[in-house]
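**Student:** Sequence:
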Amino acid sequence: MTATYILMAVIAYAIGSVNFSVILSKKIAGFDVREKGSGNAGTTNMLRSVGKGAAAITLILDILKGLVSIIIAKYIVGNIVDGINVSILVQLAGFFVVLGHTFPVFFGFKGGKGIATALGVLLLTNPLIGGICLVYALAVMALTKMVSLGSIMAAVLFPILTVFITYNYITDGNYILFGIAMAVLVVFNHRANLKRIYNGTENRLSFKK
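In our numbering, the protein residues as written are 1230 to 1438.
Where hints are given, some of them may not hold.
What the hints assert, rightly or not - Just the calculated beta-carbon pair ranges, DEER-fashion:
#1 Gly1312 with Gly1429: 51 to 59 angstroms
#2 Val1392 with Phe1417: 18 to 26 angstroms
#3 Lys1374 with Leu1236: 16 to 24 angstroms
#4 Tyr1304 with Tyr1396: 18 to 26 angstroms
#5 Asn1403 with Arg1433: 32 to 40 angstroms
#6 Lys1339 with Val1413: 15 to 23 angstroms
#7 Tyr1304 with Gly1360: 15 to 23 angstroms
#8 Lys1281 with Leu1357: 42 to 50 angstroms
Derived by calculation from the structure, the hints in this document are not laboratory data.
Every residue, glycine too, gets a C-beta built ideally from N, C-alpha and C.
Using the sequences and the hints, build the whole thing.
**Tutor:** Structure (structure tokens):
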């Protein structure tokens, strides 16, 4: 039984480790996006360094990584193995796919911050919470012009919502600890951004460009 949980974590981590921003930037622009701009392998840096089209493709594919990991946990592994706790399986898949995106084994353990992948996880594990976090993040981004702040605030909101919204989850189970773990990982990934926000030097995104 333990081997199944470990296997699911490894599968999710491997899926997360496929960094589409690095692959696409090399294919489209001829350089590694981690060598440009903020050095982050994510959608925002793709937008600044490669362009809107590449950023949009990256965003969609990164969201799909989260969705696919949860689908495998819930509907494939969860249905094949008898007596497995699908709730734990789903939470492991959700956490490790974001961890893989952050520290991709295929790309020198230097990846992105996991926001799009985490969004895919949230939208499938609980569409209501995922939707609220998405709208909240977009609102903060629109008001502050800081993608990082919107991402951080939405990550912090997630475990808070799990306290009040106890229905509409993909499986039964307590998701509060999962929410806290995801929030800690996302905030940790934005530690440099938090320092720049505090110092007033954080990059702002122009939505007109």
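**Student:** Against this structure, judge whether each hint is valid.
**Tutor:** Hints, one by one, checked against the model:
no.	hint	verdict
1	Gly1312 with Gly1429: 51 to 59 angstroms	holds (54 angstroms)
2	Val1392 with Phe1417: 18 to 26 angstroms	holds (21 angstroms)
3	Lys1374 with Leu1236: 16 to 24 angstroms	violated (43 angstroms)
4	Tyr1304 with Tyr1396: 18 to 26 angstroms	holds (20 angstroms)
5	Asn1403 with Arg1433: 32 to 40 angstroms	holds (38 angstroms)
6	Lys1339 with Val1413: 15 to 23 angstroms	holds (20 angstroms)
7	Tyr1304 with Gly1360: 15 to 23 angstroms	holds (21 angstroms)
8	Lys1281 with Leu1357: 42 to 50 angstroms	violated (30 angstroms)
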